[in-house]
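**Q** Chain by chain, the residues run as shown.
2 protein chains.
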Amino acid sequence: MENIDLSEIKTPADIRKMSLPELKQLASELRSTLIEKLAAHGGHVGPNLGMVEAVIALHYVFDTPEDKIVFDVSHQTYPHKMLTGRMQAFTDPAHYDDVTGYTNPNESPYDLYSLGHTSSAVALAAGLAKARDLKGEKENVVAVIGDGSLSGGVAFEGLDYGATLGSNFIVVVNDNQMSIAENHGGIYADLRLLRNTNGEGEPNLFRSMGYAYRYVKYGNDLKSLIEMFQSVKDINYPVVVHINTVKGLGLKPAVEDKEEFHYAGPFDSKTGAPLYEGPKDAPESYDELFAKKMLAKMKENEKVVTITAGTPGVLAFDKARRLEAGKQFIDVGIAEQAAVDVASGLAKGGMRPVVGFVSSFLQRAYDQFSQDIALNRQPATFVVFYGSMFGMNDETHLGFFDIALLSNIPNLLYLAPTCKEEFEAMLDWSIKQEKLATVIRIPGADAVSNKEIKVLDDYSKPEYDIVRKGEKVALIGAGTMFTYMSLAADMLAEQGIKATLINPRNLSTLDTKTLDSLKDYSIVITAEDGIIDGGYGQKVASYLGEAPVKVINLGLPKKFLNRYNYSDLQKECGLTPDQIAQTAKDAL
Amino acid sequence: MENIDLSEIKTPADIRKMSLPELKQLASELRSTLIEKLAAHGGHVGPNLGMVEAVIALHYVFDTPEDKIVFDVSHQTYPHKMLTGRMQAFTDPAHYDDVTGYTNPNESPYDLYSLGHTSSAVALAAGLAKARDLKGEKENVVAVIGDGSLSGGVAFEGLDYGATLGSNFIVVVNDNQMSIAENHGGIYADLRLLRNTNGEGEPNLFRSMGYAYRYVKYGNDLKSLIEMFQSVKDINYPVVVHINTVKGLGLKPAVEDKEEFHYAGPFDSKTGAPLYEGPKDAPESYDELFAKKMLAKMKENEKVVTITAGTPGVLAFDKARRLEAGKQFIDVGIAEQAAVDVASGLAKGGMRPVVGFVSSFLQRAYDQFSQDIALNRQPATFVVFYGSMFGMNDETHLGFFDIALLSNIPNLLYLAPTCKEEFEAMLDWSIKQEKLATVIRIPGADAVSNKEIKVLDDYSKPEYDIVRKGEKVALIGAGTMFTYMSLAADMLAEQGIKATLINPRNLSTLDTKTLDSLKDYSIVITAEDGIIDGGYGQKVASYLGEAPVKVINLGLPKKFLNRYNYSDLQKECGLTPDQIAQTAKDAL
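Line by line, the protein sequences give chains F and X. Residue numbers for the first sequence, in our numbering: 1 to 588. Residue numbers for the second sequence, in our numbering: 1 to 588.
Simulated from the structure, these hints should not be mistaken for lab results. Treat the hints loosely; a few may be bogus.
Listed below are the simulated PhoX-like cross-link pairs for lysine-lysine, each with C-alpha atoms no more than 25 Å apart in a straight line [as the list claims (entries may be wrong)]:
1) X:Lys135 / F:Lys293
2) F:Lys303 / X:Lys138
3) F:Lys519 / X:Lys585
4) F:Lys559 / X:Lys513
5) F:Lys432 / X:Lys292
6) F:Lys135 / X:Lys513
7) X:Lys293 / F:Lys135
8) F:Lys135 / X:Lys292
Computed from a predicted structure; not experimentally measured.
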């Protein structure tokens, strides 16, 4: 077989002319090209390598973009991007960053949604199918969902509704027997049963929800996939096509350690070894600090439990640590709502649950935070990872909305530590006490010490720390922003302006006594590592609204930013120390 | 059989001594007592009448409160309250209001949670079971969930996790073949199949999720229930007990019209006729206005679709109207996340979806609002019902958190109409335009006209309406609060103070031009029908933080209030016209 010139593939129409051997050659080339880019650049490795054949078969059989495919979660769409006009972003290192890591309608009409949270594609596709039916049109609507994403409640809601359409609705379940880490949940035993019986066993989750059901044993075999997709194309009822794929196929290290290669930085494509190790003297990271501390606490107190919703790696709980924690480590699967409710049940049952969440994912569970934790006053602890402008910078994974989201829930204490010692003290206190539901937000920086920070034995009351006492100018720096405020205070001091520097600690309830002492100041500046709207600073501005003091709130704009540069954004927001100092001087 | 003295039943222990005939007599008396109270007082009729036997059987068999029962949703717990020390609240009219309509731990140790949102009990109970296992204890943990509640994603997440416990975990599915209205979703065909096959058919949803499965054909037969619960008591693996009950049993009108009698005000216990009709000349309600308008719009434009997540009655879409709307009315079942995502898919597919949500329930879908609507800029319309301090007043159903929740999401336009004409104009515009995702919050009052209000053809830009131009004092009244601000302005005018009166219309983006014109005022007062924290007024306070003008934000405290008195609360918040006028004078 001759090589295929990948640069000649501009749209899926270009592959629909190919013979099966040519398609196989194409799969092989896409895969090796992918491995080359992934090794050099990093990205979602396993999900994409396992989906090469399925994506080719989908575009070969279905008349995209008239036929519509919604991918869930869209981190498995690198091969899709390669076939839909974006090949150069995978073949040419100079263009590697031309595309995002997820589907994106700004890039291509073949991308229907910008999707980075799991489990929603089925309901979105059901809406598209309903629109088609109401308009009397005829295209195929396909949702592609991974087995890991199936555990999210909205996937079930979407399946439940989609089953009622009574028309063409094709749900492809990409079963690679993995979530980000291993799967957790009762449904996975059923998926295993179905795989073991070549799709013929009972019970069958999908049939119980109202779907016709087809199984593809070799989900990386183009011929099987094409024949199956051809058989369901233009079907006039809802059907699940369950395909059994190999996560990481074609890259031995990725097949052997599926969790490690779900997402990876640049690596040696032969050995899988990371190309870059961090500097040996790098400060400890907060996730490492968290995992070590929780392991120690769980050993010391059997009532302490650590919980994740499908992202143990975020909490630095690798396999060895999960094993060490044993029953005291719970992974509920990708199911943020259940994570919060299980924590509530554990707390009610006298345990001390600590849930670690990615900032952007915890928003799935707002109602459970509100009703099942806060209203019911269950003393669980929630630790927020990547809750920062310095965290993830994909528009689907932004970490600067959680202050506004959680700090306005009654009975929920929102703490923002500024350094390593304070994080540890807050976590210690939160686990020890048995009255308050607490959120602790990890700062968006390395876990370094700050000798100026006074730690407490009790964080239940709002008590701001006046780190330096000055006059006229008060700088209130929340969480990550304290460091920059502190540097701004240094700069002001050099210019003869002695500012009061405050660490508020608590972003959900105001320390009115301290704020009252600022009423006759000239200027109060707040800075937080989150959007200004609905956030901490606006509470201060409101409280001081009648006082003569001027209040300036610094923070982020209410915008979905995408792949921004961290330091550019910091500057745009006026959050560098010299900008903060200048703002103070200008206002004086 | 002698009558049972209900007042003698203080705890479930009192019924454990009874014979089966006595228990039957008890069921009969509980039911007639319930009917008497419900007819006089109103409440959740059907759910409770259908559960009398099951609740008796549960407390007869299980050693509550050591054995733990979590009810979902807990509106079906009136019989439970009667058996757990709160009989007087059902037998003595003077004490009818002693208990809430939901389980409440403040009332009784038999109530584990204050639960008013559906679908969370399974995950909560799974947490309780896990706590038990980790502590090495042995009690039974039971979750009771209605078939209607099953469609909520968190129920699925809870079932999925619960199946992995590998220990005692009993899920009782109370299948009365109804949600609030009829059920919608693929799983309901499976429940029907199971009922029709006496639990023996395949596929079986519960077995596919990893549960052992038992079926009780006569779910209102005490003997069957008791025997079944005895057979699963102390079981050491997860099991679903599917009981087939009759919603409204014992009250003919409630059996015949299950939707109407899900919840009802006082009624004639013979005929079911409501005891009180509203006054004939009452102003139109917003739900009626909404339903009529949407019906007209759907007729006029086949792209318009109305969506509910299991609460068609809230939108005033009764059976006749649903029939009239036909395919253009979609009920996704109790599945708020899917409702938002289906709307997103419909909008993407060129339709004009309008979703009606109860304020307190929409919080289930925050992530979908953020990711699948706002980030993806899908022009769907969301209408918020009961988003007001004058809406529902149970702590589980509060309507004053949605401004803070939704108005801080980028790309999501949050509109607060003040009167009938403005609501209609905003809805007209939102459906017509195809660019912006819009939330429209129904005011918490009757739908009355306000001749002072200027309606627009386009609400896309923040443009405050300066309804009256004054000086020094500006009163900005959002939504419901505009009326009170207007009355306050009248009072001030009588005292020679000519206040500027503003209707902001848009609560998500500031009209900075108008706000700039207030910088040299003495005082700006904002008032909103929601919590102050994270809300609209704080944005104004923040924006004007550097200006000399004083800003006072009025609104509600960040608290879960329970069964409060509307006018007392309004006074406590300083939101009556005379209080507002006084506040303005004091600040001058």
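**Q** Next step is simple, just say for each hint if it's right about the structure.
**A** Status of the hints after comparison with the structure:
{"no.": "1", "hint": "X:Lys135 / F:Lys293", "in the structure": "holds (22 Å)"}
{"no.": "2", "hint": "F:Lys303 / X:Lys138", "in the structure": "holds (16 Å)"}
{"no.": "3", "hint": "F:Lys519 / X:Lys585", "in the structure": "holds (21 Å)"}
{"no.": "4", "hint": "F:Lys559 / X:Lys513", "in the structure": "holds (21 Å)"}
{"no.": "5", "hint": "F:Lys432 / X:Lys292", "in the structure": "violated (56 Å)"}
{"no.": "6", "hint": "F:Lys135 / X:Lys513", "in the structure": "violated (43 Å)"}
{"no.": "7", "hint": "X:Lys293 / F:Lys135", "in the structure": "holds (22 Å)"}
{"no.": "8", "hint": "F:Lys135 / X:Lys292", "in the structure": "holds (23 Å)"}
The structure fails hints 5 and 6 (numbered hints given earlier, in ascending order).
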